[in-house]
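*Asks:* Got chain A sorted already, so can you dock chain B onto it with the hints?
If you read the protein sequences in the order shown, they are chains A and B.
In terms of my numbering, the first sequence opens at residue 239 and continues consecutively.
In terms of my numbering, the second sequence opens at residue 239 and continues consecutively.
Certain hints may be false.
It does not matter which identical chain is meant; a pair holds if it fits inside one copy or across any two.
What the hints assert, rightly or not - Cross-link-like lysine-lysine pairs, in silico, PhoX-like; alpha carbons within 25 Å at most:
#1 Lys483 / Lys461
#2 Lys620 / Lys580
#3 Lys784 / Lys242
I should point out that these hints are in silico values taken from the structure, not numbers from a laboratory.
Note that the coordinates shown come from a computational prediction; the quantities given were computed from them, not determined experimentally.
2 protein chains.
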Amino acid sequence: MQQKVVVIGGVALGPKASCRCLRLNPDTDLTLIDENNFISYGGCGLPYYVSGEIQALDALRSTNYQVVRDPDFFARMKGFQVRNNTRALAIDRKAKTVRVRDLGTGQESDLPYDKLVLATGARPRILPIPGADLQNVFTLTHLEDAQAIRQNCEQGHVTDAVIIGGGFIGLEAAVALADMWDVHVSVVEMGNYLMGQVLPSNLGLMAAHDLRQHNVQVCTGEKTLQIIGQDGKVAGVVTDKQTLKAQLVIMAAGFIPNGELAQACGLEMGPRGAIMVDEYLRSSDPDIYAGGDCAAMRNIITGKPGYLPLGSLSNRQGRIIGTNLAGGQDTFPGFVGTWCIKLFDLAIAATGLTIDHARNAGFDAISVCVEQLDRAHFYPEKEMMALEIVVEKGTRRVLGMQGASQNAQGLKARVDAVAGVLQYAKPTVLEISNLEVGYAPPFAAAMDVVNVAGNVADNVLAGRFQAISAQEFVQLWQERATNQIFFIDARPKGAGKALADKYSEWHMLPLEELPDRFREVPTDRQIAILCNTGLRSYDSLLMLAKHGVTNVVNALGGMQAIKQMGLETKLQ
Amino acid sequence: MQQKVVVIGGVALGPKASCRCLRLNPDTDLTLIDENNFISYGGCGLPYYVSGEIQALDALRSTNYQVVRDPDFFARMKGFQVRNNTRALAIDRKAKTVRVRDLGTGQESDLPYDKLVLATGARPRILPIPGADLQNVFTLTHLEDAQAIRQNCEQGHVTDAVIIGGGFIGLEAAVALADMWDVHVSVVEMGNYLMGQVLPSNLGLMAAHDLRQHNVQVCTGEKTLQIIGQDGKVAGVVTDKQTLKAQLVIMAAGFIPNGELAQACGLEMGPRGAIMVDEYLRSSDPDIYAGGDCAAMRNIITGKPGYLPLGSLSNRQGRIIGTNLAGGQDTFPGFVGTWCIKLFDLAIAATGLTIDHARNAGFDAISVCVEQLDRAHFYPEKEMMALEIVVEKGTRRVLGMQGASQNAQGLKARVDAVAGVLQYAKPTVLEISNLEVGYAPPFAAAMDVVNVAGNVADNVLAGRFQAISAQEFVQLWQERATNQIFFIDARPKGAGKALADKYSEWHMLPLEELPDRFREVPTDRQIAILCNTGLRSYDSLLMLAKHGVTNVVNALGGMQAIKQMGLETKLQ
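Chain A on its own, in the form it takes in the complex (with noise of 0.2 Å):
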C-alpha cells in the first residue's frame, strides 16, 4: 500500500526531508503543509538581502538555477503537494491524522497520515514591553520582514535603528544595516557582552570591538524596556540606562521552538519546549519525526538533551528523516553547537562548550586563549587568529573551542577541525596538539595555532606556568597601585616604550635581555608578564624560573588580545 506522510513545515528541513523520501521512494503520498505563502526560502540569507549583497528576494527561495521552489516547483519537479497557506492546528495520534485549516478559504479538513514530520521550526521571541507592537518593529525571519527592513532603509526612512538582542541574527543584522545603509545601528543585549550564549567574554568583547570601529553603538549589560513611538511608529528605545533615537528596531532577542502541536498531543518534550527526539530522529511517538528549530537533541559532549536551531543541522537532519520515512535506518548522533558569523573584519566560530557552558554542565574545567599568526610567519600574507579551548581538569578531555580572526575560511578550518573529532572521539589535549591538520606556508604554520591552543592548554594543565587571560591582565594593571605587581613587557625592544616613559611600573624587559637583566626582576612581589602574544612572555617566565623567580603570572594572549578586545586604552 502506498504510503501516506505529511510534512508540518516548509523551510529547510521540511522540504528537505520531502525531497529525500521521494527520491528514495517515489510511490510515496506525501504532503508539506506550512501557514505561510513562501516556502522554502533561505532563511539565513535574510541579513545579506537586507545588506543588499543579495539582490532580488526570490535568491533566496530559488535553486541553485533560479528556479523558484513554489508549491507548483516541488509538485512537478519533486513529486509531492505542497499546501501553503495552511494550518495545522492538532494532530490525532490515534486516528493518525491532522486537522488542518486552509487560511485562504477557512475551511478545515483531516489529513490522514501513517508518517508524519514535524518541521514547524521556532519563532523569534517577542519582548513584552510597550511598543512592541509599533510599525517598524521587526523580527527577521520572514522574507516579508526583510522585505519591509530593506524598503525602509532604501527609501531613505533610516537613519538610527536600534537591535535588541546581540546574538547571531542581531549582529547579522547590524552589520547588514551599518556596512550597506550607513545606519547609525545601536545593540542592546541584556547580558554583559554579545554572544554570551555561544561565547567566552573575551570573544564577545572582540566582536563588540569589531562593531565599534564600525560605528555601531554596543550597549551591554542593558536592559531594553520600552519602544517608543510617534504617530504609530517607532521613534525610539527605552533601556534602563538611555534613550535611543530610531527609526526602526529589530527584535532578535532569541528563538520559542515551535513545539505546540507537539505538546497539545503528548509527544515528550524536551529543553526550551522543543521536541525530544531519538538519534534516528523520531519522537517518543515511532511514526511521528521531528526536527530543525522545533526539536531537542542530545548535546553530544554533554550527553544531555540540548537545543542548537541553526540551518545547517536542519539540512542534514532533514535527509535522514527523508531516509527513514523510506524505510532506511539512518541516524543523526546529535550535535555538538558548531557555528560561525562573519562580522564586519572579524569572523567568530566555534564549536563544542564554551567556559560557563562546561562548569554549568558539571565539568571541573578551565580554558585558555592563545593568539597566533594563521600562516608561516615568514609568510608575506597572514591574520592573527585567536583560540580558546575548553578542557576538563582530571581527564584532559577537550570540550569546546571557540575563535575569531580576520582570516574567516582559515578560522573555520581551525574550528572545524576540532568539531570533527569532538562529534566522533573524545579528544584529550594531547590529541589536539597532535590534530593533523594540513600544512603549507600559505595555509597554515607548521606548528599550527590549533596545535598550539593543545599544547598551552597542556602546559596549563601540567602546572608549567600560572596563566592570566589578556583581561586579567589589564585588571591587574589598573590595580596596580594596591596590588604592588611588577609588570614585565617581554616585547621586543622599543616596544611598549610609551607606556614605559609614562609609569615608573611598566618595565621594558625584552626576552633577549633578560639572561642579562633578571637581577632587575625583584622576588619579593608577584610578577606579570605580557608581550605580543603569550610566547615571549611564556619563554621569559620560564628564564626567570631557572633564576628563582617563580610568583610569576603570564599574560595569554598578549598585547594582540587587549588590542582585539578595545582595551588598549585601559593600559594608558
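*Replies:* This is chain B only, laid out in the frame that chain A set:
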C-alpha cells in the same frame, strides 16, 4: 645525575625537541649537531623565497621577532649547545656515544649520550642521469639552493627552466619561477599525471590545467633521459619525447630518508629506508628517538608502516620527543596523510588514502568526486569546490578525501575537518554526511560540499544511481561513433547549444523540461547525462527511472569538473 642528550639534525624536529626538552627540564645537558652551516630554517618557505614573496633569506631562519636562530641564539636563549658544521659518523649503541667530525677542523670525537635523537631528515633524490652534475642543476632543500636559484633569476640568466618531478616541491618551484620571474617553465613528470603519488587522476588534471593556464608547460608520462650542457652549464633537458631548452633545472624527484646512521647501528628500519618508530617515537632502541623526515610511522588508515616527510608532522613530533626526553610519556598516533598546496589560482588539499592507495593497501574501495559551490548559492562571493571521497565498499568506511578549489582556506576547512575524524575515529559515509561543520552563508552551504560528498558516496554505494566520472563521460563522448550512447545535457535551457548545433548526438534536455519530454529519451540504448555539477543530472536520472528508463549513467562533477580539468575542448 644530569641527563646527557645528543640530537643529530638541526632543522624542524631537532631544534623543536631540544627546546621543548629544555623548557621542561632546564638541567638537561643537550647538544645538537648538524653537518650544515645554517640550521633551524623553514625549508617549506624556500619556494616563497625563490618567488620573492619572502624578501630576505634570514626570514626563514628567524623567530617571529626577527631574531636569527643561530647556535648562539640556542645557547643563550634556549640553554643548549649547537655544533653546526659537524657531521655524525657513527653511533655506538653499546658505549652510547656518537662519533662526530668537525667539518672545519677535521677533528673527530665521541659524544656520550643517555638519550639520542635522530632528526637527520631526508635528501632529495638525484636522478642518475647524464648531466645531473652540471652547473645550474639544483635541488630545493637548502637555503643555499634557494639563494642560487633566485640569484640566477634576478641576474636575468634564466628564460627557460625545467622542473624534473611533478610533486609538491616541483610544483611550488614551478609556480615561483613562472609567477615572479616570468620564466618559461616546463614540468617533466614520469607518471601519467601530476602529484600521482598523492592525488587521483582528475585532481592531477586540474592541477595541470591551472599550471597550463599560467603558461607552465606540463609534460606528464614523460621520462627525463639526460641533462645537456654547454660550457659546463645547463642548456637543456632531453626526455623520451622531446628536448626542452633550459638555463636552470630543478630536480624534485622525491626524497630519500637519511636513515644510514640508524641502519648502520642496527636499528629497525621501515619503508623506503626510514627509521621505524613506535608511538612514543622511540626507535627499536628505547634510548634512541627518531622523527621527522628520517622516520617511518604507522599509517593510521592502513595500520601499516608508512613514510610521509612533512614539516608539520616534524614539528608536532618534535614536541612529543622533547616531552619524552624530559621524562614524559606522550604519544603520537601515527599519520593519516594530510597536506595542502597552493598553485596559481588553485589550491589542492588531501587527507587519508587516494583510491589507488586504498586499492593497493587491499581495500575494496570506490571513490566519487563531487563539485559544489563552497558557500550558499545565493551569497555573492563563492567558488566551486571539487571533493573526492574514498570509501571502503562493505563497511562504508571513509578512507580519504582529496579536493581542489580556488578558495584555498575554505578547501583546507573541509579537508581538515575530515582529517581530524580520520585520525581519531573510523568514520563511515553517514558520519561524513552528518559532519557538523560550521555554517553561515559567507562560509559554507547549509548542506555543505563535504556533507554532499558523503551523500553522493552513500547513493552510489546503495546503488541508487550509476556514477561515471567527468573524465569517463568525456571518453564516452569521444567514442560516441561506436558506443551509440544517448547523451543528455540536463543544464538549464540554452546551455550546451553550441554542442547541440554541431553534434546531433548532443541532446539539450533541461531538467525542468524532462517531465514533459521524457518520451524523447530512447529506452533501447544507454543514456549518459551531464549537467553543470552532477546534481541536476541525478534528478534527471531519478525522473527517467520513474518512467522506466534505467540504463542511465550520471557524470559526477559535470561540466564544472570537465572545465577544471581542461577537457572542455575534447567535447568540441
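*Asks:* Hints first: check each against the structure and report whether it holds.
*Replies:* How the hints compare with the structure:
1. Taking the shortest alpha-carbon separations for Lys483 and Lys461, only the intra-copy value of 16 Å comes in at or below 25 Å, while the best inter-copy value is 75 Å.
2. Taking CA atoms no more than 25 Å apart as the test, Lys620 paired with Lys580 passes in both settings, with 18 Å inside one copy and 15 Å between copies.
3. In the homo-oligomer, the alpha carbons of Lys784 and Lys242 lie at most 25 Å apart only across protomers (19 Å), although the nearest pairing inside one protomer, at 75 Å, exceeds that limit.
Figure legend: structure checked against the earlier numbered hints; every hint is met.
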